Amino acid sequence: MKQIRLLALALLATSMLTAQDYFPKNDGVKETNSNFHAFTNATLFITPSQKVTNATLLIKDGKVVEAGKNVSIPKNTVVEDLAGKFIYPSFIDPYTNFGVEKPKRQGGGRRSPEYHASREGFYWNDHIMPETAAIDSFKYDNKTAGEMRKQGFGVVNTHMMNGIARGSGVLVALNDNDGEATRVLDDNFGQFYSFSKSVTSRQSYPGSLMGAMALLRQVYEDADWYSKGNIPTKDRSLEALISKKGKVSFFEAGDKTNNLRADKIGDAYGVNYVIIGGGDEYEMAQQMKATNASFIIPINFTDAFDVSDPYLADYISLEDMRAWNQEPTNPKVLSDNGVPFALTTYKLEKPSEFSSKLEKAIAYGFNKTKALEALTTVPARLLNMSDKIGGLNKGMYANFLITSGELFEDGTTIYENWVQGNKNVLASKDQTDIRGEYTLAIGGKTYDLNITGDVSKPKASVKVDTLEYKNDFKYQENWVTLSFTDEETKEIFRTTGIIPTQGGNFSGKAVLPSGLSSQFTATKKGKSSNVSEEKEEEDKKEPKVYEVLPMTYPNIGYGNAVQPQQQDMLFKNATVWTGENEGVLQQTDVLIKNGKINKIGKDLNAGSAKVIDATGKHLTAGVIDEHSHIAALSINEGGQNSSAEVTIEDVVDPEDVNIYRNLAGGVTSIQILHGSANPIGGRSAIIKLKWGEDADGLIYDNSPKFIKFALGENVKQSNWESYSRFPQTRMGVEQLFVNYFNRAKEYDSAKKSGRPYRKDAEMETLAEILNGERFISCHSYVQSEINMLMKVAEKFDFKVNTFTHILEGYKVADKMAEHGVGGSTFSDWWAYKYEVNDAIPYNAAIMASQGVTVAINSDDGEMSRRLNQEAAKTIKYGGMSEEEAWKTVTINPAKLLHIDDRVGSIKVGKDADVVLWSDHPMSIYAKAEKTIIEGKTFFDLDTDKQKRAAIAAERNQLMKMMAADKDGGGKTKKPSRKAPKHFHCDTEM
Amino acid sequence: MKNIKLICSIMLTVITATAFGQQTPAPSQQGAMTIKGATAHVGDGTVIENATIVFENGKITAIGTNAASKGTVINANGKHVYPGIIAPATSLGLIEVEAVRASNDRDEIGDMIPNIRSLIAYNAESKVVESMRPNGVLIGQATPQGGTISGTSSIVQFDAWNWEDAAVKVDDGIHMNWPRSFRRGRWWIGEPRGFQPNKKYTEEVDAVKVYLAQAKAFGNGNGQSANEAMKAMQGLYNGDKRLYVYADGEKEIVDAITTAQEAGVTKIVLVGGYEAYKVIPFLKRNNVPVLVQHTHNLPNKADDDYDLPYKLPKLLADGGLMVALQNSSASNFQTRNLPFYAGQLVGQGMDKEKALQLITGNTAEILGIGDSYGTLTVGKSATLFISEGDALDMRGNQLSKAFIDGRDISLETHQTELWKRYMGKYEGQGK
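Protein sequences appear in the order of chains B and F.
Each residue of the first sequence is one higher than the one before, starting from 1 at the first, in the working numbering.
Each residue of the second sequence is one higher than the one before, starting from 1001 at the first, in the working numbering.
These are calculated hints, taken from the structure and not from any lab test.
Mixed in with the good hints, there may be bad ones.
[Stated by the list, open to error] Here chain B is said to cover these stretches of chain F; the calculated rule only asks that three of the stretch's residues, wherever they fall, bring their Cβ under 8 Å from a Cβ of chain B:
| no. | region |
| --- | --- |
| 1 | 1095 to 1102 |
| 2 | 1190 to 1202 |
| 3 | 1249 to 1261 |
| 4 | 1300 to 1307 |
| 5 | 1327 to 1335 |
| 6 | 1338 to 1347 |
[To be verified] If you only want the chain F side, here are some residues facing chain B, beta carbon under 10 Å, derived:
| no. | residue |
| --- | --- |
| 7 | K1127 |
| 8 | S1131 |
| 9 | F1182 |
| 10 | R1184 |
| 11 | Y1310 |
| 12 | D1393 |
| 13 | M1394 |
| 14 | R1395 |
| 15 | Q1398 |
| 16 | W1419 |
| 17 | Y1422 |
| 18 | M1423 |
Computed from a predicted model, the values in this text were never measured in an experiment.
Using N, Cα and C, we set each Cβ at its ideal position, and we do this for glycine too.
Isolated chain B, as found in the complex (with noise of 0.2 Å):
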């Protein structure tokens, strides 16, 4: 009762502070306090770097008077002595949705895809909601905030996570007593962005990631075609772009390669973002310092997997354990590489875990103080409130913590947590400490009672002699209860005393077995004991470190240790496939160096060479599939019916496994084209997999400029429930290429004269078509659709440069001749949807027989490690030679992809893109041995087999590691594999 009384004096003195004075009062009447509050001779941290001893902190109004050595305390003062005490400031979550309820996503089923937008006097798409205010549905959370609070956090920012943009955020001091007036600090703040689409709204677009971003910078460009008074009509969202401009921009990219891609788009259009990661940044930690943006950073490590079921066990790949494995690094790295970050709560189950997840990275590694400053002074400077936040400094908000010791060190307990002046106790600061050995005599007999463990909350055992008696201890306030049962006789005791403020012996009531009540006293005996310290250390869920395995290039199964180097070679005696008018040479030597074809002859002298003896080998130039969906993040944008401004390049995934699949089949450059989802698909990457390297260095230096066109069923939706997509029919298929073809000839007229023109990534892209800056790889079946292209094209006078699939090719071999486009196709499929009735495995060789340019591609990760025996097929179907077959996945797609003066044959001066295969490379009994790519070697046999029993070392290893971790009682989670990627041009996303 005192208590509450005690409370409600405290809240109404505190209301009295910030209570504005114009407000009327009629609960009673108004009065003011303009009392101090002093904490003195305390060990105080005015920010992580500065710290004072034997220091004062002065409060006022929820703000720092003063902080330091020699302050001057007024009279009227409630001074509270902190000596042997810390204080810190408390810590800022930059990033949550405290308060803030996130939408819930639209039922609906697998309805029809809808392409509009769902709202008028806004952007065209939903996903874009800068005007959205997290105020607007902002509910302080008391529950979070206590919450929070625990885990020492006094000032979160939050807002509404949904969409593309999502509007402004709130910044709010974690303070429950006083009303929205005092403890929000900004009902505006800064602006937050996404990858992720908005659940409330049923708009298609955008599908994919590389959509995502085409439509960020889409508007970004349009906000500045808008505030320069462009636009005749309103648009709210582009109108609260452009008002925010210059506030924090907030991007939650989600892991280390999407970090990049928002670096990229901030770059690109000045915005300086402060991204959001995903926990494996110190896979990449170098790249991330190179984008100089802040982070901030989850950390949510993983737990380990339950791997007590092998069957189970076995499902689990590398990569996974690995991330158990090494996350709890990740804030180690990235300080060390001297990467700005603070952390959050986000990500986490609930914000309890927090302090242990923390203590996880410190144990692995994480300086403490560079701990306290992520929490502190990094996320205030993030949020460019470091005036008022993040440290203790005269004028800032008096947010801070009062904790036993050092903070992050073992036994430290935060006793209070305040919020704008405001005191929130966590645990008791002025409770005795009464650990130590007692004797305990009650109902004339005695036992031996050791209270042992934290000060605020001790635990106690009780014995006589070696026999312990289960008991039930609590401390509270200045209370004890014991309750416990004598071993012997079977009956309970229950006490119940108060303890005297210094400490020592204590006494009380007893209620005896019979009932009746009684006295008791426990008499100190001295300190408690060490061996149930011991034992109290066991107790102590210590984060357990295990070894730190090394990481790989890319970091799954099967990556490389280091990275390969390049490497000067003599191949003797091979079987040279050239490609070139040589044809096949016998017994011939080729010299590589410096990662270019040097020389092709016989007895040529090795030099500084390693010579790899080819005798009875082929050597032949690398296979180049022209049609490849492996390495990708997605491959279509079917949000519309043209996605001309998405690319490839956006999304290149160098850590497809199937990369190096594809290197173990010869494969060395691949075309990753954008599917077949809509007329006019996305621009290409042309990469060369180089396994191991990063998404950049796998796509060609210059490389040329591509774009996936489609025709056919996919892009009439034939086969799926959607029916309000134009177009439905081949003919309006030929329509839309027009009318986007007018409308991008008059843009880049528009753009040619000089005047001001709106900037459109899409017309852009289709006017670099029109100007042969680009080049249009189709996919197509029947041969009406094939020729109605061409004709398109010569309407608008440039030429198809490659139609892929092309089934019905062989139909119209000699139309493709005319207009100069070559074929790309299936060796032999055929049969799996209607338009591909008449595609015929001879296709190849009669497109060839007309003097089209033929090649043989993949469109699935399967089948293109095996692109040498599709080759082989045109031999059975139709007849082609050995050597114009061989063409067909090597030097014909380099000429269709416009690399052939750089790849496709042997020949001196081309890159050294070379395979050794055991056998006659389109014999089905053929493996390839070696796979280099500029004089490096990425795929080698031998070195096959040495990390197949890496793998399977390593993989032992770490599943002891998780059984251990398990059986220290660590939380564990059930197996789980991520679902493979595999690719086709229908594939959505």
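Knowing the structure of chain B, use the given hints to seat chain F on it.
Showing chain F alone in chain B's frame:
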């Protein structure tokens, strides 16, 4: 709506119109036929150089280096003769075009429907079936798919007027998809998209056990009640029918075989068997043959050897198991690549003749037609083909003749016709 109807009717007419594409089936063998001078790949692991093969009334009457010629002689010097390749566990003839629902007769509704019979839906005039023949694939097991017990298959030959003509062995086996202990998350109900343990695995296995026990009990009774599904199961207990169990995981394989055996099923064939190489002694002990997944597949798991699918059948064969290749997971048109799936094994170090066994002799044994098909053996059906070169290699697989039960079948297809038609067009243009 009107449009959709229109589209449907157009598709129907086109499909029916083109469904008559198949070449006219050959008449039965009239006189004796002799192939002379060829390398005969017997299909049992052996090879006869410079062989003479004689067949009469659809059966092989002589084979050997010294066999006497009889009747019409085909000079096959330098050429190769192989037994007709057999495609097990295929939906050939049950579906024509994957994306055209109207052409799909492969998967009936229902979880345990053993009485569903593929034979009566088998389209003997399928253009896809026809396209098997120029590659040497002459026999197949038309197999329903889907559910747990998908139905009953029949074995057919690929040159027929109708399904009755086509039938080689009627209702030969029942096909069962074993539940998976680890499966893809049902993301549409909020589970992660990746794979995770199947919580209902035990329950699903139990349902199979109960069904097998019920079927057995039905047979133990008088079997008189009109339960077609239970009747269809009876062959499993007396050896008339084989049980084809589709399972890939180590645990699933052990569970499936153990369950089927304990339920009293006498002839069990494992289909799939991605992890069968981990339980070779178990399979051997239980005498279970494997119709292993074909070689042109990606590894299932990221950490698996890149060439695990290439060498998997070899691992099983080397372990002493009876193995043949199937491609039930692939599209039907791919089935013509069976010889190349076998060829891939040679690159992995398997003997060529052994690799051939995996698509001929072994397949016939496993399907229970080994007494009449699968090898070039006197007394067996003259179902064979002549290839210009090595039929397991794309460059050599060039058929000049093929016979089914001694009938000299056409090697023309819808595809060769189009090839000839358009080459003719261009030649006519003087190019």
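**Message:** For the region 1338 to 1347 of chain F, count the residues whose Cβ lies under 8 Å from any Cβ of chain B; is that count three or more?
**Reply:** holds (count 5)
**Message:** Can you verify the interface hint for S1131 (chain F): is its Cβ closer than 10 Å to any Cβ in chain B?
**Reply:** 8 Å, holds
**Asked** Does K1127 (chain F) pass the interface check with chain B, least Cβ-Cβ distance below 10 Å?
**Response** 8 Å, holds
**Request:** Examine the region 1190 to 1202 of chain F for residues whose CB is less than 8 Å from any CB of chain B, and state whether their number is three or more.
**Result:** holds (count 6)
**Request:** So, R1184 (chain F) near chain B? Judge it on the closest CB pair being under 10 Å.
**Result:** Result: holds, 6 Å to nearest chain B Cβ.
**Message:** Interface hint check: Y1422 (chain F), Cβ to nearest Cβ on chain B, cutoff 10 Å. Holds or violated?
**Reply:** This hint holds: Y1422 (chain F) lies near chain B, its Cβ roughly 5 Å from the closest one there, short of 10 Å.
**Asked** With 10 Å as the cut and Cβ atoms as the points, is R1395 (chain F) at the interface with chain B?
**Response** 5 Å, holds
**Message:** Tell me whether the statement that chain B covers the region 1300 to 1307 of chain F is true, taking a Cβ distance below 8 Å and needing three residues at minimum.
**Reply:** Held - the region 1300 to 1307 of chain F has 7 residues with a Cβ nearer than 8 Å to chain B, which meets the minimum of three.
**Message:** Just to be careful: measuring from the Cβ of M1423 (chain F) to every Cβ in chain B, is the smallest value less than 10 Å?
**Reply:** 6 Å, holds
**Prompt:** Is the shortest C-beta separation between M1394 (chain F) and chain B less than 10 Å?
**Reply:** 4 Å, holds
**Asked** Holds or violated: Y1310 (chain F) as interface residue toward chain B, Cβ cutoff 10 Å?
**Response** Check passed: Cβ of Y1310 (chain F) comes within 9 Å of chain B, closer than 10 Å.
**Given hint Q1398 (chain F) near chain B, where the shortest CB pair must fall under 10 Å** = 6 Å, holds
Against the hints set out earlier in the document, no violation occurs for any number.
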